[in-house]
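Protein chains in written order, with UniProt numbering: chain A, 1 to 185; chain B, 1 to 185.
For the record, the hints were derived by calculation from the structure and aren't laboratory data.
Any given hint could turn out to be false.
Copies of the same chain look alike in the list, so a pair counts if it works inside one copy or between any two.
Simulated pairs of lysine to any residue, SDA-like, Cα-Cα distance not exceeding 20 Å [to be verified]:
1. K135 - G182
2. K147 - G182
3. K135 - E69
4. K106 - C168
5. K136 - T170
6. K135 - E59
7. K147 - C168
8. K106 - R23
9. K106 - N148
10. K135 - R181
11. K147 - D169
12. K106 - G24
13. K135 - D177
14. K106 - A74
The lines below spell out each chain.
Protein chains: 2
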Amino acid sequence: MRSDARANRAAIVDAARTLFSGRGVDVPLSAVAEAAGIGIATLYRNFPTRDDLIRAVVEDIAGCFQAVEREYLARIEEDPEQGWHDFVHALAAIRPGTIIPALAEKFGGTGAPDYVAPLREGVLATQQTLLARAKKAGLVRDDVSAKNFQLGIASITRPLSEQPEADCDTHTAWLIDVYLRGLRP
Amino acid sequence: MRSDARANRAAIVDAARTLFSGRGVDVPLSAVAEAAGIGIATLYRNFPTRDDLIRAVVEDIAGCFQAVEREYLARIEEDPEQGWHDFVHALAAIRPGTIIPALAEKFGGTGAPDYVAPLREGVLATQQTLLARAKKAGLVRDDVSAKNFQLGIASITRPLSEQPEADCDTHTAWLIDVYLRGLRP
Numbered sequence: 001m002r003s004d005a006r007a008n009r010a011a012i013v014d015a016a017r018t019l020f021s022g023r024g025v026d027v028p029l030s031a032v033a034e035a036a037g038i039g040i041a042t043l044y045r046n047f048p049t050r051d052d053l054i055r056a057v058v059e060d061i062a063g064c065f066q067a068v069e070r071e072y073l074a075r076i077e078e079d080p081e082q083g084w085h086d087f088v089h090a091l092a093a094i095r096p097g098t099i100i101p102a103l104a105e106k107f108g109g110t111g112a113p114d115y116v117a118p119l120r121e122g123v124l125a126t127q128q129t130l131l132a133r134a135k136k137a138g139l140v141r142d143d144v145s146a147k148n149f150q151l152g153i154a155s156i157t158r159p160l161s162e163q164p165e166a167d168c169d170t171h172t173a174w175l176i177d178v179y180l181r182g183l184r185p
Numbered sequence: 001m002r003s004d005a006r007a008n009r010a011a012i013v014d015a016a017r018t019l020f021s022g023r024g025v026d027v028p029l030s031a032v033a034e035a036a037g038i039g040i041a042t043l044y045r046n047f048p049t050r051d052d053l054i055r056a057v058v059e060d061i062a063g064c065f066q067a068v069e070r071e072y073l074a075r076i077e078e079d080p081e082q083g084w085h086d087f088v089h090a091l092a093a094i095r096p097g098t099i100i101p102a103l104a105e106k107f108g109g110t111g112a113p114d115y116v117a118p119l120r121e122g123v124l125a126t127q128q129t130l131l132a133r134a135k136k137a138g139l140v141r142d143d144v145s146a147k148n149f150q151l152g153i154a155s156i157t158r159p160l161s162e163q164p165e166a167d168c169d170t171h172t173a174w175l176i177d178v179y180l181r182g183l184r185p
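Excised from the complex, chain A in its bound form:
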């Protein structure tokens, strides 16, 4: 793929993730193309169907999670307390709470397509490893499950309004710190 083609594709996926988060996955694809600064024909050349675009967004988010997890697998060994703290803030910065509700609504009725489960399991397996490391370091209570932990991050990072206030990030960072303290033994 040529670099401008790659840039177009990435711009479409970014725009789709933002618009899906704010307005749901049924947002007009013309709005996605416009937000990405490309023509609708280019969008359809990259993603022949809406489901292709949804899949690319899901893979993009899973990729973000996996990149963060890989980075902190090493860092948590060097300095468990700082590593765990920074890992949870980095996870929250992906703001899973903005896109997960839109995907849950889409997949809620019919069930998620087959490609979702392996991605989710890959993300959760590494998260499980990091959580276990944090428990071993006395940073998280033993009875905290990976599912609870992950739902907590999603709840905290779901914006209260589709037009978030300017201090939304400050509030989320505050709440993540409260969350980190609350998870301790």
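Take the given structure of chain A and dock chain B to it, following the hints.
Relative to chain A, chain B alone:
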């Protein structure tokens, strides 16, 4: 007001609060009437305009908050730790995170109408008293502001999906307990 008229009015406000939370304050009033089990004419007799109905919903929520606060002003004196714990769970049970985003969207552009500020201040003043009492009892760190505290409750009680899973309440209760621990000094 006769008792069946009162019951009708309460049913309309309840239905409006539920539908506003799930679908926004611009939901068709015919849907509100249907959910309340009354005719549209009865709805308009009680609430001539949509803004009248929105106001009734806001007053209803403020009333729920104030009732919980009044109850726990006494209980927190008897047993600060249990009283504070139960107060925060009772606040969360009102699920401010379901309706606040819909109202924020409505009032975001034009600003909230005049009747909102005194209601909000009344609710926050008593909450401030309870928070101060919890700080005095060593249950909450001194640097936790009433605004942070309240935004935290709203974030935690915002459902991740409009069709919440069956274990949504269990997750929220878990997260409230983590929150309570995280607020401690």
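Against the structure, the hints come out as follows:
Within a single copy, K135 and G182 get their C-alpha atoms as close as 13 Å, and across copies as close as 17 Å, so both meet the 20 Å cut-off. Taking the closest pair of Cα atoms, K147 and G182 come within 20 Å of each other both inside a single copy (16 Å) and across two copies (19 Å). When the C-alpha separation of K135 and E69 is checked against a cutoff of 20 Å, the pair qualifies only within one copy, where the shortest distance is 16 Å, while the shortest distance between copies is 37 Å. Taking the closest pair of Cα atoms, K106 and C168 come within 20 Å of each other only across two copies (18 Å); inside a single copy the shortest separation is 26 Å, beyond that limit.
Taking CA atoms no more than 20 Å apart as the test, K136 paired with T170 passes in neither setting, with 30 Å inside one copy and 26 Å between copies. For a Cα distance limit of 20 Å, the shortest separation of K135 from E59 qualifies neither inside one copy, at 29 Å, nor across copies, at 45 Å. Within a single copy, K147 and C168 get their C-alpha atoms only as close as 25 Å, which misses the 20 Å cut-off; across copies the closest is 12 Å, which meets it. Proximity of K106 and R23 under a CA criterion of 20 Å is satisfied in both settings, with 12 Å inside one chain copy and 16 Å between copies.
When the C-alpha separation of K106 and N148 is checked against a cutoff of 20 Å, the pair qualifies neither within a copy, at 22 Å, nor between copies, at 32 Å. In this homomeric assembly, K135 and R181 come within 20 Å of each other (Cα to Cα) both inside a single copy, at 13 Å, and across copies, at 17 Å. For a Cα distance limit of 20 Å, the shortest separation of K147 from D169 across copies, 14 Å, qualifies, whereas the shortest one inside one copy, 24 Å, does not. For a Cα distance limit of 20 Å, the shortest separation of K106 from G24 qualifies both inside one copy, at 8 Å, and across copies, at 19 Å.
Within a single copy, K135 and D177 get their C-alpha atoms as close as 17 Å, and across copies as close as 18 Å, so both meet the 20 Å cut-off. Within a single copy, K106 and A74 get their C-alpha atoms no closer than 35 Å, and across copies no closer than 46 Å, so neither meets the 20 Å cut-off.
Of the numbered hints stated above, those contradicted by the structure are hints 5, 6, 9 and 14, listed in ascending order.
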